[in-house]
Structure formats: C-alpha cells, structure tokens
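Protein chains in written order, with this note's numbering: chain A, 104 to 456; chain B, 4 to 264.
Check before you lean on any hint, since a few could be wrong.
[Claimed, not checked] Label-pair distances were calculated between CB atoms; the ranges are:
#1 B:K5 / A:D369: 28 to 36 Å
#2 A:E301 / B:K172: 49 to 57 Å
#3 B:G256 / A:A321: 37 to 45 Å
[What the hints assert, rightly or not] Think about it this way: if two alpha-carbon atoms lie no more than 25 Å apart in a straight line, the pair counts; the simulated DSS-like pairs of lysine-lysine are:
#4 A:K316 / A:K332
#5 A:K450 / B:K226
#6 A:K245 / B:K226
#7 A:K437 / B:K252
If you're looking for bench data, these hints aren't it; they were derived computationally from the structure.
Quick reminder that beta carbons are idealized off the backbone N, C-alpha and C, glycines included.
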Amino acid sequence: MQNLEEYKGVFVFAQQVDNKVDGIAYELLGKAKELAAPLNTEVTAVLIGSNVKDLCDNLAQYGADRVILVDDPELKDYRTEPYAHALASVINEFKPEIMLVGATAIGRDLGPTVSARVATGLTADCTVLEIGDFPLVAIPGKEAEQKHNQLLMTRPAFGGNTIATIACPDNRPQMATVRPGVMQKIEPIAGAKAEIVEFNPGFTPDNKYVEIKEIVRAVSDIKDIMDAKILVSGGRGVGSSENFKILEDLAAAIGGQVSCSRAVVDSGWKPKELQVGQTGKTVRPNVYFAIGISGAIQHVAGMEESDIIVAINKDEDAPIFDVADYGIVGDLNKIVPQLTESIKAAKAAKANS
Amino acid sequence: MKIIVCIKQVPDTKGGVKFNPDGTLDRGAMLAIMNPDDKAGLEAALRLKDEVGAEVTVLTMGLPKAADVLREAIAMGADKGVLVTDRVLGGADTWATSTTIAGAIRNLDYDLIITGRQAIDGDTAQVGPQIAEHLGIPVISYAQEIKVNGDKVTVKRQYDDRYHMVEAKMPCLITALSELNDPRYMTPGGIFDACKAEITTWGRADLKDVEDCNLGLKGSPTKIAKASDKVRKGAGEKVTPESPEDAVKYIVGKLTEKHVI
C-alpha cells in the first residue's frame, strides 16, 4: 500500500524533441503553477534527453521551481523504452503528488506505459484540471471519508459529446495527459533560475528497447495552425485540392491561415498538420471560417472554443450550423471569392481613411 | 506466426449521436460496430496472414453481445475468437481493462499483438501500451505500416512532425491507426464460417496471474466524480441569402461589427 502522504509536488514532463522544448511543456508548467498554489507546493519539470541541460533555464522562465534532469546518450530520440524507465524512475525516487504529461504522439505513448509501471491511474486528454474534493459532495454520514485537495481531471469523451470529471483518490501520483493548446503559458520571467537536480537511473538495453532505423522529418515551413488568430478552414465541400486556392486567397486577404477537416487530409488535398479535430489539432482562434465542412462531432471537438465561428455550407441541415455564430446557407464557390474582394476593399478603404 | 488482435465493440458515432430525453447517450439507438482503429489492426494482421502465413486470434472484453464483433472478424478471415466477459470485470478503467486483457493473453501463444490506437467511445489510447507493460514486451504505437521479417517486425511509427522506422524483436505489441489500410469486407464463405465458429468464452477464473484488487470498478484507480453532457454553445444565426452578394454583405457586416475587419 502506498503512503499517499509521502507524495508531494506538481511534476511536468517537459517534452523536448531535437533538443527543443515543445510548447506543451510550457503550457503544462503554466497550469502546474496554478495547481501548486492551493497545495502550497512547488513545480518540478522533468527533462529527459541527451545533452539537454541548457534547456533548464527556459523551463525556469516558464514557471519551473526545480528541474530534474535525466540526461543520457540512450535518450537521444524518443523511444517508449528507455523514456518510460527514466520517467518511472523519477516518480519512484521523487514521489510527485501530480504528474502531468502532454497528450502528444509521445505523451500518449509514454503516459500509459509509465502509469502502468508505477501502478497508478491515468486520465487521458484532459481539458480542465483543478484542485477539489472527492466525492464532489460528501456522502451524508460519511463526511470524514471525503478527500480534499484532490486533482479533478475533466475530459471529453465520445467524440466530445459527453464530459467526465475524474479523480484518482487512492493512488499516487495522480496522472493526466493534457491536450495541447488548452492550457495557458505564463509570460516568461526573464532571468529566472531553477534548482537543477541531475538524476540517472542507469540504462541497460533489454528486449523492450526497439531500434530506430530511420527518422524522416516532414519538411514543412507551414506555420502552426494552433497559433493562428484567424483560420479559414475547408472541408470536403471545397471539392478539390486546386479549389483550396479560393480559401488561401481569403486567408491572405483577412490575415489568416488555411486549415482543414479530416476528409481533406484523407483525400490527400492538404497535409495532416493542417487538420483540425479530434485526430488533428485543437484550435481556438478569434475567428474560424468553416467552409464546406459538414461539422462531424470529431471536427467540432477541435474548433468549438473559437470565439466567432462563421460557417458557409450549401446543406442547410449541416450540423456545423449548430455551433456556428453566423451560418450562411449558400454556394461557397460564389460566396468566398466575392468575400475576399469585399474584405480587400474594406481594408483598403480603412487604410485610406 | 501467431497474432492476437484486440478489438472492441463500440457505438457508432457516424451519422450522428442519439440522446435520450434526459440528455444521456442513447446507446441502444446507435449501431454497435467494431472500433475503426481495431478494424485496421485486424486488417493488418490478415494481410500478414496472406503474405507470410499466420494464425489470427481476435480477443475482446465486454458484454456477451460483444461476441458479434468476434464473428465479424472471423467472417473477415480471423481464425479464432476469445470473449472475456464477467460481471466482476465491469466498470473497469484502462488500468483494470489492460490488467484483464493481459491476464487473458497469458493463456495464449503469440508473436505479435495488435490493438487499435484508441476506441471512439473512450478515446484514451491507453489500453494497448498498458497491455504491453503488463506483459513485459515492447510497444510500438501509432503504426502506419507493419512489415514482418523473420523474428523481427518493422513499423512506420507516426509522430506529430515526422515518422520513425522502428524495428523490434517479437513478441511485441503494435497499436494501429485507422489510416493504416482499408479493411476488407466479410466474405460469404467467411460469414458461413463465422456462424459455425465456436467462440471461446473466459471469465474471471480463466485470467492468469491477476489479482482481484486490480479488476473491475473496484480495481480501477480512476473514479468518475461527475459525468454530464457537454454544454454546447447554442446555435447562432442561420441565414439563406438570396444572392452571393447578400451573403458577402451579411458576413462583412458581422465581421465589422465584431471589429475583425
């Protein structure tokens, strides 16, 4: 049986790839700082890699009080093993109360493996994390059994149709993976320093060490759609790869970027990194144009937090109209090019006035 | 070669999700289907069977009616089906589910285990890697391509901005993406076989090397504090303009009002 009292502190897996800290690490640090305040505890970043020590200061600037550094040549590129050994060893040695991991293609592999290894629960793809009581309301007559200062982890399920709040009351650490783009980073604190603790549990390759034969990077200079303020997103209704030109023109006129639905990626019209939705990226721009997108729940789950949603679709029953602030039933091929011209004209008029 | 494919019966979300009057999901009104990522995993196993020869066993955990997806898998070309079902296993989270499935798999011979990356009802992507962890074998998740060469398997593993070609010695576990392939249809002969096929049914007593404290609702470290329908922002305005000009006027008007342009 674990002695739960021994477990202290909010820990963040500081994902790095090619010796660059991933944005999700900063987002998690921002959230960890908020969670640490009511618990009156510290924020620790766990940095795993090879020759990554110079990244510690970046983590400090985004809110880490302490960095546990596991640095070993075996850890150069991500592999489930030895990364799982590194993180599980840190958990067993330093006993965090909370362990946060990004819900990335790395974190969604590392998280489950580590949680099974240290025998605790893991809640996937969380969108809200807060400290509270479990049960939320004490059972009458059993008030003493209600646990306080628990991590309450809220996540969508069923393609975003239901939402559940989950606790992990009897095991430590309380582990969660968190969707990228949901938590807010803090403004970096220039010159901040963290205590650095170097820790190496030893790495002996065994049957679980796979061999990386080749790494192929997607060559791309595409800007991350998660950073865009305005997204002009197209779906199957756009009709062809060539016809995305009218969306690109609109995006250029309004100062936005093009994104797309899964159907577009499946058809090979646009690369996967532009995909919005449950199996793509979660975006929350100021304005989201959904053009020729029917609005499957998996797509909506990735864009419904946008401030303003404008939908153009010729099918008046398309589910996208259920989430759109402004829905226009009509032919995108006629409306979009005229809209582009109109916006150009409006901007020109404003510039001249 | 022996391959185990883990599959799950899930409610179909295509064509919309149905709700009860009280706002809860109406699972009865939705078709129960084989989870799409799992089906891609099954197809990958069947292709290996076609190419290099393999015995493919499909395994599922669920209610007795989950036997339907095992029969569908056999109709597609799988050889055997195992259903793990028991009341004491109900309400399991991913820890208890993976413990249960690992306990069942310990009774079987295998070179390769294939699971789907994630199920469309829970979307956690946790059970595959956790089964591998319980069994002490390597896991390669997010597989876009699988090739077998002797006692080794080579997998194209997808990441956010790259892929790795990874080689592992079998036995190992692979989680499949639905982008991996287009699953084949059931064949008439296969459907005939599936009707006759005997499904092995296992309960708690058949699980090897597992403790009761790690099973079912009680053995689940994660507990649901609250579950509800997502409160969605309601629909805004919907207009059907007479002409594209009117449509543009409407949009520009709204964007100006909101200070976007």
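Evaluated hints:
In this structure, K5 (chain B) and D369 (chain A) meet the distance hint of 28 to 36 Å, their C-beta atoms being roughly 32 Å apart. Range check, E301 (chain A) to K172 (chain B): about 32 Å between beta-carbon atoms, so the 49 to 57 Å window is missed. A hinted range of 37 to 45 Å holds for the C-beta pair G256 (chain B) and A321 (chain A), which are about 40 Å apart. The hinted pair formed by K316 (chain A) and K332 (chain A) fails the criterion: a straight-line CA distance of about 39 Å is larger than 25 Å.
As the CA atoms of K450 (chain A) and K226 (chain B) are separated by approximately 53 Å, the hinted pair breaks the 25 Å bound. With a C-alpha separation of about 17 Å, the suggested pair K245 (chain A) and K226 (chain B) falls inside the 25 Å cut-off, and the hint holds. Proposed proximity of K437 (chain A) and K252 (chain B) is supported: the alpha carbons are some 13 Å apart, at most 25 Å.
Checked against the numbered hints listed earlier, the structure breaks hints 2, 4 and 5; every other hint is satisfied.
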